[in-house]
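Trainee: Kindly produce the complete structure, drawing on both the sequences and the hints.
Spelled out from the first residue to the last, the chains are:
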Amino acid sequence: MTQSSVSKRPVSSQDIWGRFGVYGFLFFVALFFLLPLYVMLVTSFKSMDRNPPRADLRVAAAFFARRLGQGLDERLYRA
Amino acid sequence: MNAAAFTRHIRRNLLAYIALLPMAIVVVFAYLGTMLWSVRLSFSSSRLLPKDDFVGFAQYTRLFETSRWVTSLENLAIIAFFFLLICFVLGTLLAIFIDQNVRAESLFRTVFLYPYAMSFVVAGLIWQWILNPDLGIQATMRDLGFPDFVLDWTVNPDKVLYAIILATVWHGSGLVMALILAGLRGIDSQIWSATRIDGIPSWRVYLSIVLPMLRPMIITSLVLLSISIVKMYDVVVAMTNGGPGTASEVPAKFIMDNLFERANIGLATAASTVLLITVLLIMVPVLYSQYFGKNGRAS
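Chains as they are written, first to last, in my numbering: chain A, 1 to 79; chain B, 80 to 378.
Errors might be hidden in some of the hints.
Which chain A residues stay away from chain B? Per the calculated CB distances, all over 10 Å, these [unchecked claim]:
1) 16
2) 23
3) 43
Output of the computed footprint for chain A on chain B, the stretches with three or more beta carbons under 8 Å from beta carbons of chain A [stated by the list, open to error]:
4) 154-160
5) 187-197
6) 329-342
Calculated from the structure, these hints are not laboratory results.
Note that CB positions come from ideal geometry on N, CA and C, so glycine has one too.
Mentor: What follows is the structure, encoded as structure tokens:
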């Protein structure tokens with residue numbers, strides 16, 4: 001027996017689309033799972049002044065404090 | 080067992096009992112002892128330091144009059160429902176798809192499982208960066224030329240729970256995938272041959288035959304996920320610190336805050352007792368049916 005019964009069978013277009021779906025699903029879910037890893041790596045290679053942009057944070061904090069009309073988490077100001 | 084048999088049993092297993100003794104002492108004093116001690120404290124008027132008085136259910140009355148606690152319970156219910164549902168469906172789908180003889184299977188397995196190796200603090204921090212409106216996806220999309228793009232889950236009180244659920248699903252579904260995949264590998268291939276001869280579509284085989292056979296795996300993964308929900312504390316602290324306002328408070332955070340920061344030991348122990356009773360009410364029937372049900376293996 002040189003060939004298995006699976007590979008002897010002619011490949012139907014439905015099978016190809018099935019394989020496509022399997023790999024597509026796995027690929028996109030893998031992207032979701034790898035996104036934090038990518039962010040972590042990219043952030044670790046940024047220079048000091050960009051990482052993290054604290055001035056932006058303070059502007060945002062003031063903005064949200066005004067918009068929500070309430071005291072904002074003081075962690076942002078400590079930055 | 081009569082007296083003679085009992086003596087013989089003891090004599091034969093004496094060494095085993097001696098070896099088990101340290102563990103038994105630790106369990107009785109460290110686990111059960113602290114549990115009973117905190118239940119006892121929940122009936123006292125302790126504030127900063129434990130007290131020995133007895134005030135009945137006053138702390139429990141106060142607890143359920145505290146809106147922060149009621150909010151945190153509601154949040155926990157929402158998070159638990161969606162987290163369990165999404166984690167389980169996603170994990171099972173991943174396991175099934177990985178089981179289709181795909182190439183680079185070990186790569187996919189690693190990718191899906193590595194979040195579980197991260198601590199919740201790291202996971203929460205990274206997702207907080209990604210979802211932060213001024214640093215993460217929203218800022219990126221706006222820089223790319225979509226100035227109206229909005230993804231403000233971590234700062235929007237109505238949507239902050241989605242952010243928590245997203246981070247926890249990212250963290251936990253790999254575990255479900257690993258457990259279910261191990262179960263799928265244990266399914267006898269003759270079952271697959273038989274269903275193929277009968278011409279049953281494979282989604283139906285999974286739904287009606289394979290998943291029921293994986294009941295122990297499913298129960299194990301659900302129990303592990305539920306435990307991680309109940310003790311969920313670090314991911315919330317890292318992502319939102321309970322905010323905005325009290326929109327993402329969870330019971331474990333309420334307990335920690337009252338125990339260590341707000342000097343409310345009585346209230347905190349009452350809350351933890353409520354949590355303990357809730358967990359026991361949910362877990363005991365599940366574990367009982369798994370280990371002592373009519374198909375259980377334990378005797």
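Trainee: The structure should be examined with respect to each hint, and the outcome stated for every one.
Mentor: Now for the hints, and whether the structure bears them out:
no.	hint	in the structure
1	16	holds (13 Å)
2	23	violated (7 Å)
3	43	violated (7 Å)
4	154-160	violated (count 0)
5	187-197	holds (count 5)
6	329-342	violated (count 0)
Going through the hint list in order, the structure does not satisfy hints 2, 3, 4 and 6.
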